[in-house]
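Colleague: The residues making up each chain are set out below.
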Amino acid sequence: MYYLKLIFKNVFRAKLRTTLTVTGLVVAIVAFGLLQTVVDAWFAGANSASSARLVTRNAISLVFPMPLYYRERMRSVEGVKLVSYSQWFGGIYKEPSNFFPQFAIDHNTYFDLYPEFLMKPEELLAFQRDRQGAIVGRKLADQFGWKVGDVIPIRGTIYSGNWQFTVRAIFDGKDESTLTRQFFIRWDYINEEVKKRFPRRADQIGVFNILISDPSRAADVSRAIDAEFKNSLAETLTETEKAFQLGFVAQSEAIVVAIRIVSFVVIFIIMAVVANTMAMTARERIAEYATLKALGFSPGYVAALIFGEAMVLAFIGAGIGILLTFPLAKGFASSPAGAAFASFAVSEATVWMQVAAAVVVGTIAAIVPGWRSARVKIVDGLRHVG
Amino acid sequence: MGNTLVEIKNLVKTYTRGDQEVPVLRDITLSIDRGDFISLMGPSGSGKSTLLNLIAGIDKPTAGILRIDGEDISRLSEGQLADWRASNIGFIFQFYNLMPVLTAYENVELPLLLTNLSKAERKERIEMTLNMVGLSDRMDHYPNELSGGQQQRVAIARAIVTDPTILVCDEPTGDLDKQSASDVLGMLKQLNQELGKTIIMVTHDVHAAEAAKRIVHLEKGELLGEVTSP
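Chains as they are written, first to last, in this note's numbering: chain A, 85 to 470; chain B, 139 to 368.
Do not take every clue at face value.
[Unchecked claim] Pairwise CB distance ranges (calculated): (1) B:Q331 with A:R97: 52 to 62 Å; (2) B:G208 with A:R467: 30 to 40 Å; (3) B:K261 with A:D259: 27 to 37 Å; (4) B:K261 with A:L88: 12 to 22 Å; (5) A:R467 with B:R164: 18 to 28 Å; (6) B:E262 with A:N360: 41 to 51 Å; (7) B:V160 with A:R97: 35 to 45 Å; (8) A:T107 with B:I203: 50 to 60 Å; (9) A:R101 with B:R164: 40 to 50 Å; (10) A:N360 with B:P161: 37 to 47 Å; (11) B:Q331 with A:M85: 34 to 44 Å.
Treat the hints as calculated values from the structure; they're not laboratory data.
For glycine and all other residues, C-beta sits at the position ideal for the given N, C-alpha and C.
Please model the entire structure based on the sequences and the hints provided.
Modeller: Given below as structure tokens:
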């Protein structure tokens, strides 16, 4: 008790120094937490992927389409339960900065593969009955203030021209990890227009979305699908949905690695700052530590005082930092920059990493000053007075 | 052993600075009785503070015998010495060496934390001791709220609260005005005469030294002589 009292009194002794150090810690812990959340957000799509779903794309590249008639042959592959398809639409809503993923899908089957998208059955039915209908995720609808019945103008980039879609349904996610920033439209409507304007591009789709009956046989089923189209005009590459999503992340792996490095550099810098604070503190109090040792307190007690002080500093900074991370992440998520991420939520793992960072900062910052103060000769330490 | 509390024979202390060996104490032989009050005097560099540090167990001799109450403290390990100091030595420093973040009460409580006394027992002792030094109304004051003389009285209370065998005082009046110095010396005399505390005091001040029963002069690390008060 006395030990804790002495630590807390020492922590708030040099108020300006403590305030500045804690401020630095708060900034570092918040930055660390937000950067880790950015990394999590990058992987959010892959993490929410189902192991029962496969994605088949053109083996050469995702930008090359496949003929729609592959679907029937895929259905006949053993282990395949359901086959649907989708096509990247890639239009612009008002401004290019309003980016969100847009997919043209098979309106009859697509949502049977994605039970995590929750919507009213009558709204889904309305979408299936309207060729110009659209289904939007809750987060996207909230971002732009859309509601059912609104007409959304989209300027096509891949499929040029001005398109108009009517919101027929808004879906929610089954849980926090479900992405709800997508915009789904009907592939058959797009295909009809393509047939008129670019006949050679008609009846082509980007990816097949496949539901399998046994997730443990995903590799076998994938091989069987690809074997079916071996030596065809458009050979296929089938992989699990998670692997498919991770393929996207891998394209930007250098950025993810850089963000991770920066997040740890931030912690390293604050570690140096706290270590410097503790070293200054210990140097100023060398006579006090010598006095304590003269009175009979052990070197370990002196080291524990410094360790305790560093830990209290680190935990005050980390505590405030962690508490601030949540509203700041929320604020960032609702900002135009944050809208680029499908999901931007601080995970439990990130909070534990922030706590671990505080422990590491406090411990390392205390090692050298604690060791030096514990070892200082009483006679030398007492000379520091006056 | 008789009444001898501190027995020093052929004590040598040498510091090593680089390649050079600097002798600080040369062949010191001295004995201090229980209940004695001795002043160590001498110019700067005479070795008086070093001798005090050796007796207090915060430094170790290079050679010779140093027995306190029959125990050769030069053979004790660092940990054993810390325990020994906690139960046998009370320190009074020139600049008081109080913890600035602790109140007078908490400063006096510090050495009691190394004992097995309960909180209530500690409280009783602290209040009694602070009362003895005339600071019962300043218990909740921090050092920076007290005068130099009052701070030194807190330091005296801290030194005697564990009822140590020896009080070692390093220039206890060196930072005080005349009146405060006189009060502190009066208090030390009282502790010696009424409670029988053995006091070893280093001082430059002849007037302060006269408070002691014996005055020992050192110069260049050697004992020059001794004067005993009438």
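Colleague: Tell me the hint numbers this structure goes against, listed in increasing order.
Modeller: Failing hints, ascending: 1 and 3.
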